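Residue numbers (numbering that gives the first Met the number 0), protein chains in the order written: chain A, 0 to 320; chain B, 0 to 320; chain C, 0 to 341; chain D, 0 to 341.
Everything labelled a hint here was simulated from the structure, so no lab data went into it. Among the hints, a few may not be true.
Said to hold, decoys possible - Stretch-level coverage of chain A by chain D, calculated; a stretch enters the list once three of its residues show a Cβ under 8 Å from a Cβ in chain D:
{"id": "1", "stretch": "83 to 96"}
{"id": "2", "stretch": "122 to 130"}
{"id": "3", "stretch": "299 to 307"}
Remember, it's a predicted structure, so these values are computed and weren't measured experimentally. For each residue, glycine too, the CB sits at the ideal point set by N, CA and C.
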Amino acid sequence: MSITYLEAIRAAQARALADDPRVFIYGQDVGAFGGAFKATKNLAIEFPGRVIDAPISEDAMLGLAVGAAIEGMRPIIEIQFADFSTTGFNQIVNQAATLYWRTNVPCPITVRLPSGGTSGSGPFHSQSMEALYAHYPGLIVMTPATVEDAYSMLLEAVAIDDPVIFCEHKYLYYHLKAEALPTEAMPVGKARIARAGRDLTLVAYSAMLHEALAVAEELVSEGTEIEVVDLRCVKPLDTDTVMASVARTGRLLCVGEAWPWGGVTAEVVARVAAEGFDLLDAPPQRLNAKDTPVPYHPALWAAHRPTARSIAAAARRLLRL
Amino acid sequence: MSITYLEAIRAAQARALADDPRVFIYGQDVGAFGGAFKATKNLAIEFPGRVIDAPISEDAMLGLAVGAAIEGMRPIIEIQFADFSTTGFNQIVNQAATLYWRTNVPCPITVRLPSGGTSGSGPFHSQSMEALYAHYPGLIVMTPATVEDAYSMLLEAVAIDDPVIFCEHKYLYYHLKAEALPTEAMPVGKARIARAGRDLTLVAYSAMLHEALAVAEELVSEGTEIEVVDLRCVKPLDTDTVMASVARTGRLLCVGEAWPWGGVTAEVVARVAAEGFDLLDAPPQRLNAKDTPVPYHPALWAAHRPTARSIAAAARRLLRL
Amino acid sequence: MLHTVLNPGAVGEVSSICDAHIKAYRIMLLARVLDDKFASLYRMGKMHGGVFLGRGQEALSASVGLALRKGDIFAPLIRDTAGRLAFGEPVLDAVRTQFGSPLGPMRARDGNVHRGRPKEGLLAMISHLGAMISVVNGALLARRFKGVTGVVGATCIGDGATSTGAFHEAVNQAAVENLPLVLIIANNHYAYSTPNERQFACRSLLDKAVGYGVAGQQVDGTDLSACLGVVGDAVSRARAGRGPQMVVASLLRLCGHGEHDDASYVNSDLRAAPVGRDCLKVAEETLFRQNWANAAAISRWRHDAVQKVEEAVAKVQREPNPDPYKEDWCALASKHLSEGNE
Amino acid sequence: MLHTVLNPGAVGEVSSICDAHIKAYRIMLLARVLDDKFASLYRMGKMHGGVFLGRGQEALSASVGLALRKGDIFAPLIRDTAGRLAFGEPVLDAVRTQFGSPLGPMRARDGNVHRGRPKEGLLAMISHLGAMISVVNGALLARRFKGVTGVVGATCIGDGATSTGAFHEAVNQAAVENLPLVLIIANNHYAYSTPNERQFACRSLLDKAVGYGVAGQQVDGTDLSACLGVVGDAVSRARAGRGPQMVVASLLRLCGHGEHDDASYVNSDLRAAPVGRDCLKVAEETLFRQNWANAAAISRWRHDAVQKVEEAVAKVQREPNPDPYKEDWCALASKHLSEGNE
Ligand SMILES: Cc1ncc(C[n+]2csc(CCOP(=O)(O)OP(=O)(O)O)c2C)c(N)n1
Ligand SMILES: Cc1ncc(C[n+]2csc(CCOP(=O)(O)OP(=O)(O)O)c2C)c(N)n1
Ligand SMILES: [Mg+2]
Ligand SMILES: [Mg+2]
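Based on the sequences and whatever the hints tell you, model everything.
Below, the structure written as structure tokens:
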């Protein structure tokens, strides 16, 4: 039996609903239909009354989640595509994210954002919004890259007493498979050495992890051992694990699918430069998508985001520095 | 005669309205009332029909601006406080910012965001949102720190064929004065050496420039010559000027009033580390506000944001590295 | 701690219209005295940040708070000092929040009207207008999940905030879920300086009710008797399971938008019209006319109110400022996940 | 380039009801044939991304496009292939955008229904529902600034999108500014899988009109004659300066939300009811019944439509893919201000 990233997300929600009566799911078409991506398939039947269709009202969906959380519930909000969270942005960053700090009342909501690019999806169904949410205080931002993490981190997201922005990558939904669901998990906020190496630290997260791993594989034939770090969570960001890896390799390349200005790669590079300057044998480097909206045509899309090819080129350049 | 930062903003708008029939102003209370901060005082009388009160509808305000821009107008939108741009966020980042790239039709709108903290303003009237807008492709983000720049950059913002997010700092509105309006200006996208020095490059923008200059002044007595760079515009970001300064000083400290995760300081440090690694004699450093909402009480507020004191401490630490 | 601020006699179940009026009037008076105190402290330069008052809106606001019970949800807005007091918010909460005392419910982190005790049903508004309505919806849905019935959630909003997308989404949401939401729209004819004509084009804001499929009533917001009746009925209907209720009150803000604002833009005809009446005076006249109270009683109540407010202010003014070194600077409940980044 | 796509006979000023019907029917037919072609290409795996059709909504959509003139503004939505063609969008624009041809108006950067030529009055929708209405308002305000009168801006939206805050803010804005906005609400009873009962609680979406203070009409969206009349009247009233007009049409989407969706959730009673009729068949029956056309004519028109579509598809399929190396990757019109960051 094998299980996909998407099925892991469904399974995690089923388990959360089963284990905790405070959990409910609210989102457009999540009920009988099972969601645009089928991440809630059959859950409305298995958990009657607890998987609720929402009107096309992202602001009200997220506001409702906060109100329910105040009363002790643990809502999971499915935004149909991450891109549409812009219309619920205010409730996330100003209502949910400030609640605990202002009132001492925790806000345990999970916002599922089907994120990232897939071929042919265009400017409004492809966005990677982790940097926006990570910039605001009061939010936890998860970016699982594996089937196992999709499952265990979603369960943790629901269990955490703070608002969690759960960036699940649509490209991984069907592509990525594992043998079974995990029985144990790393703690939240800990990055993972996805592959050990000694020549260069390649930091990635979400779908880019798999491009990074492919590059590491490829460069073996060139005699290069790349260490790949999977951030798992971009806020909190596990600087220690990254730094320890850079201490071993002396070289840092950080890759992200989001836009180049600011964001995860800037944060990682800035931290390593500020706190681990002496560990570096070469300038820390970053690679992001291009600074335009995400293009529709597959040929443009493939050139817009980093790929194993462009990452490998950047890694080779860095190894020569 | 002296003119304040706020008066310069009013004067720039008056001049834009006078010079260009395509300009109009739209925002809550901007008409007869002259705006919450009086940045449009008397303009409704001087330019009848061209300074229009909007309903409390940030999304529709910004959508309207895009439609008018398509038809060749040059709207200036006043958001009452930057913090409220979250409810118009979608129209900025997905409608205005993508228009040119998608359709080849330019989108010359100016969005004025009264930004930043002032004492007693609390979590929802104090935010610095430049990093959010700079992350999205298709926007120009200006952060004027001086009376002269407030005037000339606002005029440029209106003249530019792209959407400009104009982050004007409320703290500077009345505090900051100049002798007269400028007659010439540096090009958009160029940073300025606000003070020459040789020991350390202190990069700042908006209200933090003045804290930085105070620090530079203060450290003279300790025999330290700090070079202060005023970014002026955070996107595009003038990496060349910063890099040239770091080439002279070997040390970089970047200061911002926004939250610590990501943002301007991360971007500046990451660029210098990646492209100017060998220029650095010490790890590049950054200083931001604390990672919580902006507090209400003046005593907390003063500790939340960087001040001359905390910047001086960071500078001294960096000088010893 | 809520529901204990007023003297026990005044909070007991009301037995008559007379008692209800007196109770409401005393709350209105307390709110007015508190507002006046804040205004005077503001003029003396003793306040951090802005001061936002509910002058002229006390009858409506108090009626909302009084119609609610312990266990209900209330999300007051800018001009709801009276409703808050009626719902049981201690005067001290208001004063401490306005002064930014670390002992207040917002612990100096947030201020003035941004206060509440969410766990006691009193939500703490964020500034973004319209944003609290869906939060009330969520609290009500939670109660439904828990099988709690007979509960109501009330929130107040201005004419200007009806233009927000958040308002629209949330009212529609409440209607779709058939939640016991009571939405009080205080049409004070201005949103800051913006008059109704620049805010909406429907004949009455009440015309919006049918478009959401919710019940709607209008009321003269200057008339306490009318407010007690109409708001009380709306709350009862919601409590009885008859779905969301909208009440549109007509009144005038008898102060500036904030105390920095002289409100010179307010149309003088409106000021002179019945809508410009001071609800406190109107209520007082009713008390006299009905022989429910005499001048001595009123002066005694005013004295009590002044004393309560002065005591609270004096107490808070002696409280320490917040200490940034004792502040934990952590926006997360999960402290171990905080970055502690500066 | 717009307003030249159909053969000259069909675009001339219509002289009679018969001509209007024939013209509309031929546009509907062309839209249907184009949609069918896209659906079949999708099934063959020849499409990038999704395919979203307007099947069942052609009568309404065509009526909007036909009521507009050169110089008007039109912001079509997902299911408006017919309205686009009627407004003058070339078939090639649709095909090129669906295929992502670099020669199309969106130059491979955006796709499927996200297309337009803003400078010719045809706005290019973004995905976020409700967001285009205020853009139309802005275009109309610009015309007012320029002293251009007699212009109309029309936009279409679904039942689901009425729940968005953007919808609310924009309709209110149009009403306050008294703009010549014609807002067509296509109530096809579902938003993706979500039925009306989970989307709103008013009896009819038309009940929303009074809450904005705008005129409202309803129409049977399966009936071309009714659509031509009601939509035409609404456009005339807006053009005459009588302010925003809302039209609520009742109909059914005769396809999935996108071609990936089998729409099995659609209630079979609705399918069987009059609202489930195919507007194209209904229009065809009218043509026969009125003796405005015979089977031979219709088959000739269909043949013409098929040929037009096949030609366009064949042409576009021979067009090159976009070349990432020729793409300038610059999101700014002010090229010199671009960061060129990768
Ligand atoms: C979304 C949003 N935009 C703008 C503001 C700024 N603002 C604060 S109060 C106010 C006017 C509110 O008017 P109204 O809703 O009528 O309430 P009133 O002040 O009259 O009680 C405005 C525009 C805000 N708080 N939220
Ligand atoms: C703000 C926003 N939220 C969610 C979506 C995802 N979405 C795309 S189409 C759709 C359903 C639209 O329903 P309706 O408005 O009735 O139009 P129809 O598809 O029936 O023509 C949804 C939810 C979106 N495009 N925009
Ligand atoms: Mg008002
Ligand atoms: Mg629909």
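Against the structure, the hints come out as follows:
no., hint, in the structure
1, 83 to 96, "holds (count 3)"
2, 122 to 130, "holds (count 3)"
3, 299 to 307, "holds (count 4)"
In terms of the numbered hints stated before, the structure departs from none.
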